[in-house]
Amino acid sequence: DQQVKQNSPSLSVQEGRISILNCDYTNSMFDYFLWYKKYPAEGPTFLISISSIKDKNEDGRFTVFLNKSAKHLSLHIVPSQPGDSAVYFCAASAMDGTASKLTFGTGTRLQVTL
Amino acid sequence: DAGITQSPRHKVTETGTPVTLRCHQTENHRYMYWYRQDPGHGLRLIHYSYGVKDTDKGEVSDGYSVSRSKTEDFLLTLESATSSQTSVYFCAIRPGQDNSPLHFGNGTRLTVT
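Chains as they are written, first to last, in the numbering used here: chain R, 1 to 114; chain V, 1001 to 1113.
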């Protein structure tokens, strides 16, 4: 049962345009959401996060939006740059008193073209 | 890489052999995790540790065991490797408080023939 879903395996965007990556979740206990970026042969690196008490968090070119009622979050990258080409993973966690175990989506491969 | 070293980086082994992957951190963080990454599945949690000798199972723990005898080292053992365990394995640490982002190592690519 995939609790975090990224339904678009790939996305191609022109340089300078907006990239929108989407993520849906099913577990209503999730209260913290993150986006990771992964280059080939490297580990995932943290990009941006959002708590369930917020609906938007912005960091430079990256903005994450959370719609709790729809159990949906999205990552906006604007303007997109060639260096943004990578696989992006959405992740979620629930406070369970022990460890912040992240549940990941399947990833979306973003290609930013010139 | 947030002070995380995974070894080996690549390994090829035969079905039925035991394999141990090592994760070493330099910053004495309490929480450590092992994930595997497979196409179509994203990253899935195998085991995690919340202190020396304190470990617990993740969602795909069958066929794996872990040990943490020192704060800095978290070992993942495949007791009898199978082809379904061919994957890329990532170790992660949690450097901050609850819900702080995990930091990942660069992974170990394991092939079981």
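There could be a bad hint or two in this list.
[To be verified] Label pairs and their computed distance ranges (CB to CB): (1) V/Pro1095 to R/Asp1: 45 to 55 Å; (2) R/Ser74 to V/Ser1100: 33 to 43 Å; (3) V/Thr1082 to R/Lys54: 35 to 45 Å.
[Said to hold, decoys possible] Here are a few chain R residues that sit away from chain V, every Cβ distance over 12 Å (derived from the structure): (4) Lys38; (5) Asn67; (6) His72; (7) Thr113.
Derived from the structure by calculation, the hints contain no laboratory data. Glycine included, each C-beta is placed from N, C-alpha and C at the ideal position.
Results of checking the hints against the structure:
no.: 1; hint: V/Pro1095 to R/Asp1: 45 to 55 Å; in the structure: 30 Å, violated
no.: 2; hint: R/Ser74 to V/Ser1100: 33 to 43 Å; in the structure: 22 Å, violated
no.: 3; hint: V/Thr1082 to R/Lys54: 35 to 45 Å; in the structure: 43 Å, holds
no.: 4; hint: Lys38; in the structure: 8 Å, violated
no.: 5; hint: Asn67; in the structure: 20 Å, holds
no.: 6; hint: His72; in the structure: 17 Å, holds
no.: 7; hint: Thr113; in the structure: 23 Å, holds
This entry does not satisfy hints 1, 2 and 4, going by the numbered hints stated previously.
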